[in-house]
Amino acid sequence: MASSDGPDRASPGRGSLYGGLPDAGSPGLAPQLVRFIDELRREGVKVGSAEILDAVGALGEVSWTEREDFRETLAATLAKSQEDRRIFELVFDRFFFRAVEAEAVEKGLKEQRFQGGDRIDLEDLKARIQEAIRQGRDGEMSDLARLAVAALGGQGESSGVIGVDVQRIRRSLDLRQQSSRTDDPAMEVELDRENLRRFEQHLRRELERALIHRTESLPPAKPLAEYDRALPGGPLQDLAQVHRVVAQLKRRIATSGHEQRGRRRSRAIDMRRTMRASLETGGVPLRLRYRPKRPRRPEIYVLCDVSTSVTSASVFFLSVLHALHDTFRKLRSFAFVERIDEVTSIFERERSFKAVSQKIAREAGVADVSGYTDYGRVWHEFLARVSDDLDPRSTVIVLGDARTNGRDPAAPIFGQVAARAGRTFWLNPEPRLYWNYGDSVMATYEPYCDGVFECWTTKQLEQFVNVIAGSPEIV
Amino acid sequence: MIAGSNDSNPASLEEVREGLAGAGYLPSESATLVSYLAYRLGKPVLVEGPAGVGKTELAKALSRFTGRSLVRLQCYEGLDEAKALYEWNYRKQLLRIQTEAAGTGWEDVQEDIFSEDFLMARPLLTAISTTEPVVLLIDEIDKTDQEFEAMLLEVLSDFQISIPELGVVEATTHPLVLLTSNNTRELTEALKRRCLYLWLDYPDAERELEIVRLHVPELPEMLSRKLVEIVHMVRGLDLKKPPSIAESIDWARALLLLGASDIDRTTFEQTMSIVVKHRTDLDVVAERVAVRLEDGVLGRAGQS
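Sequence lines, in order, name chains B and U. For the first sequence, this note's numbering gives the first residue as 186, with consecutive numbering after it. For the second sequence, this note's numbering gives the first residue as 39, with consecutive numbering after it.
Just a few of them, taken from the derived set where beta-carbon distance is under 10 angstroms, the chain B residues facing chain U:
1. A235
2. E246
3. S248
4. D269
No lab work stands behind these hints: they were computed from the structure. It should be emphasised that the depicted structure is a prediction, and the values quoted were computed from it without experimental measurement. Positions of the beta carbon are idealized from the N, C-alpha and C atoms, including for glycine.
Work out the full structure: start from the sequences and follow the hints.
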């Protein structure tokens, strides 16, 4: 393959295109690329060494003078999902911007800063920037951002915090993002959100560049979250972890059916297909054909406690619910605090987890006065609502801590629910040690359940799902 | 890598772009680049994106452009080796045994019936064993299970298939492989590692306009522009199934057939079932878009 000699052929001549960091070891693209990939890995993108070889090979096939081609080539070989792609874009911008600036600082290169900031006609600039953003022309936006920084980002006015400066300049330029309602056709400044965001990025970069030129040193690399506010940071990252595990579970549930079907004994013989198959062997039924076991699509009812006492757990539970909804078609979910409400339709309508949890908080009428869980009332309401639908094939799963806040647990009513349903499981987010202490009444409910599980980590969830998906007689 | 596979290889990005356009497909920048890389590097491409952005169409266009024939493997739940790779032709084997004169040793017969004559090639084997290079489309790979993915790995990285009774069938020509996925489940890392990745999204208004005009050139430009504008607005709504590019084209054709001179509220309401195909979606669209057609908010860009 011609591409295999890509790095050797390419690196000596063109390696300095994107410059090197001051502490760069050997010059050339390959080490630079490895450093870039290292940075990608640190942000959580999984890049294997086979992919590095691919990237290098692919770079041998495209022109390096086109920034877009260069970036797309790396992206196609390194970022293998949409999420990775987003991180890739941010890291790419950060890495190569810093590489160029580092080179400039090291070599003592300084560009002539535009000095005539006072002479710029602000009104004219405003109009041109708005036009550029409306058209979405990237190069022009970048140039105009530089002008805007020259005109408005003077050292005297600078707050020293880039984020603040960006917003200040944006305000002085009268840039407003497109409002969702366009009732007012006379409104002049109506800008596409995405383009405006890109312009802000240009502004940010120009301000950073100006700062580097003033201080003649490179500030430490900032976390990606500061570059793009849509990127989750902090606690949301945990949620992503939950989702990843749940996605794996989903895959396991979805694919586990097949192997079981193969191994299971006592299957029914399909006479018609056996006879037909026997024609191939001269009428002797050598190969038996079995009726395929249809994977049972059980009807599942999930009741999820969303009260404050289980706040941390309910985020976890909701994401589990979210994932389950993708897997089981006959899944009905309910959320409860003092009262219970069906939230199935919300899960069916909304694809993103964030929207789901917001909608549940806003739309479902689950809290009444006190905001404390009232299990007794919940069982009454649940039974009244679904008693006709519950049958021996249905499974009820309760996600809750069984803390009644001193109210009547109404265990017999729960018993009725459990009796009507085929199976009943209880997942408790508290460690088993704390059960039945304080107002926890787990023991009163436990006899009615086919299984109670302590469940507040993805691992415990996995165990539970293995029980549910693994043994065919349960569901 | 493999002799004889370079004859139809495009030499430059431009060539790919023009070639695809000539085949009735207007590719985005990244689609052009990744297709080009796929040719040059001989790597499979994993194409992901929402339904109806032209993932399958890209494979078809590539096959038209390079003059290679298209071998398509449509994936579905429960797809197995016998339907994807190869199967022994039992009937033929049986006949062969029956017609065998008595006294022929088992060794001879066995050697005979497990030969290529008795092998039924399924899409993957076909794609590998042909003498002419082909475009292999593995459609909706996310519909199969993980085991099938694992089976694909040998085909995708080494372009060979091991048949226990026969040995290893190696590719004589290098197929261009496209895998598409609607992202309904996460694919395995192993599979992703072997592929180039291409994310296709709905095109922006300008490119979609070009696409519509390429396929339905008879429709007046003003009308096409307005149509694209409306489709984009419909996609912006929270729908169960947003309209695909193919549906925009269908709608344009329908408007042409009806001889519509403008998309006003009546025309829209009569024809919107072409782009919106869910009961609840219809209501949302009627409420949010049709109303705006009346007061002339839409289509100004086209008229000015």
